[in-house]
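Visitor: So the protein lines, in turn, are chains A and B. Sequential numbering from 3 applies to the first sequence in our numbering. Sequential numbering from 705 applies to the second sequence in our numbering.
Warning: the hint list may mix true and false statements.
[To be verified] For each label pair, taking beta carbons as the anchor points, the in silico distance ranges come out as:
1) ASN730/B to ALA129/A: 21 to 29 Å
2) PRO725/B to PRO52/A: 54 to 62 Å
3) SER145/A to SER800/B: 33 to 41 Å
4) GLY157/A to ASN790/B: 14 to 22 Å
5) LYS848/B to GLY157/A: 27 to 35 Å
6) GLU41/A to ARG786/B: 51 to 59 Å
7) ARG786/B to SER145/A: 42 to 50 Å
8) GLU41/A to LYS848/B: 39 to 47 Å
9) GLN62/A to ARG786/B: 53 to 61 Å
10) GLN112/A to MET787/B: 49 to 57 Å
11) LYS70/A to SER753/B: 55 to 63 Å
12) GLU121/A to THR826/B: 29 to 37 Å
Read the hints as simulated data drawn from the structure, not as lab findings. A quick note: this is a predicted structure, and the numbers were derived from the prediction, not measured. All residues carry an ideal CB built from backbone N, CA and C; glycine is no exception.
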Amino acid sequence: MRTLIIILSSIALVLGLWLQFSLSPTRQPAPPMPAPSIEGLLWPQSRPLPAFQLTDQHGQAFGLEQLKGHWSLLFFGYTHCPDVCPMTLGILRAVKQQLLTQQEVVANTQYVFVSVDGERDTPEVLAQYLRYFDQDFIGLTGSAEALKPLTDKLGIVFMQVPVAETDNTESTDNYFIDHTTSIVLVDPKGRMIGIFSSPHKVEDFSQRYVAMRQFLAEHETP
Amino acid sequence: MKYCFLVCLWLLCGLAQAAEPLLQINEAWGRAMPPTLKVTALYMQLSNSSAEPVVIKQANSSSCGMLQFHQSFEEEGIMRMRMLDNLTVPAQETLSLQPNGIHIMCLNATMPLTEGSVIELTLQFVSGESQGGSVLLLAPSAIK
């Protein structure tokens, strides 16, 4: 009799365990986080930048290490650019001022103007130029060769175009440069994580940048 | 005496008509540049209230070694800038010269391109007529 009770108890236990597992909801891995609908945010993709060596407007070496630890907005242009570049720097200046009220969200942002005209844009020229936009803007310059690792990785294109109908070859204004006008967001790990395509508008740019930073603060480990 | 007065009035009206500029130039501004730079872009609204298109073949200024008509445009993500042979303002329309678009380029400036200074220019039309205009230079960071 005792043996029978033990056998029946064992069967009941096995049956109970089987029922519990078969009736409980199926355990599946958590679905992947959907990519956010913030225009220009590359997450979960990113593009780690290679080592590079340029010079800032104070004559100091500036490379990948100086990008790491900061959120950097990179714009590529040149000082002899009369139309698009000053307009874009003016927009970045206005964005920076507009974001003063949201410092907790966009803290640690550096604005970096990278010259694609190392021939004319010496550190001194950059320093004088950027003074007219914002004292905190960082200006970088270097030879086309020095720029290559960075521009290749970021997909930035630039090419010289002679000024038409000028025979004044001694003038320094005898060529313009066609170039990409997108602004690139690099995260503190030194990875391209976002891109802002032109045309740039102050309000739209500020809103998207704040949205990107808020999203990344929630979904990225420091 | 009465006829003489009417003839004079008719002549004055004719003169007034002849003196009327071909275009209305509004919101003319340019970008001041740091002292190291001798190039800048000039912008304005050119309105043509006549029944015929107005073609500007050239612009001149004693403040600029050369003035050219340029157009910035984006192509496959790259901002390009190319010279235009002339500017045409269609009849009864306004041509906007603005950043990232059509503009007048001042090259080899002969004066400092400082904020608040004015560039006086003359527009030469294909009709042989010409018209003057003043362009105020705003801060390098100006957005319009």
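Visitor: Confirm or reject each hint.
Guide: Structure-based check of each hint:
1. ASN730/B to ALA129/A: 21 to 29 Å: violated, 36 Å
2. PRO725/B to PRO52/A: 54 to 62 Å: Holds: the Cβ-Cβ distance is about 57 Å, inside 54 to 62 Å.
3. SER145/A to SER800/B: 33 to 41 Å: holds, 38 Å
4. GLY157/A to ASN790/B: 14 to 22 Å: With Cβ atoms ~36 Å apart, the hint is violated.
5. LYS848/B to GLY157/A: 27 to 35 Å: holds, 30 Å
6. GLU41/A to ARG786/B: 51 to 59 Å: violated, 29 Å
7. ARG786/B to SER145/A: 42 to 50 Å: violated, 27 Å
8. GLU41/A to LYS848/B: 39 to 47 Å: Since the Cβ atoms of GLU41/A and LYS848/B sit about 25 Å apart, the hinted range of 39 to 47 Å is violated.
9. GLN62/A to ARG786/B: 53 to 61 Å: At 37 Å between Cβs, range violated.
10. GLN112/A to MET787/B: 49 to 57 Å: violated, 36 Å
11. LYS70/A to SER753/B: 55 to 63 Å: Because 59 Å falls inside the window, the suggested range holds.
12. GLU121/A to THR826/B: 29 to 37 Å: holds, 34 Å
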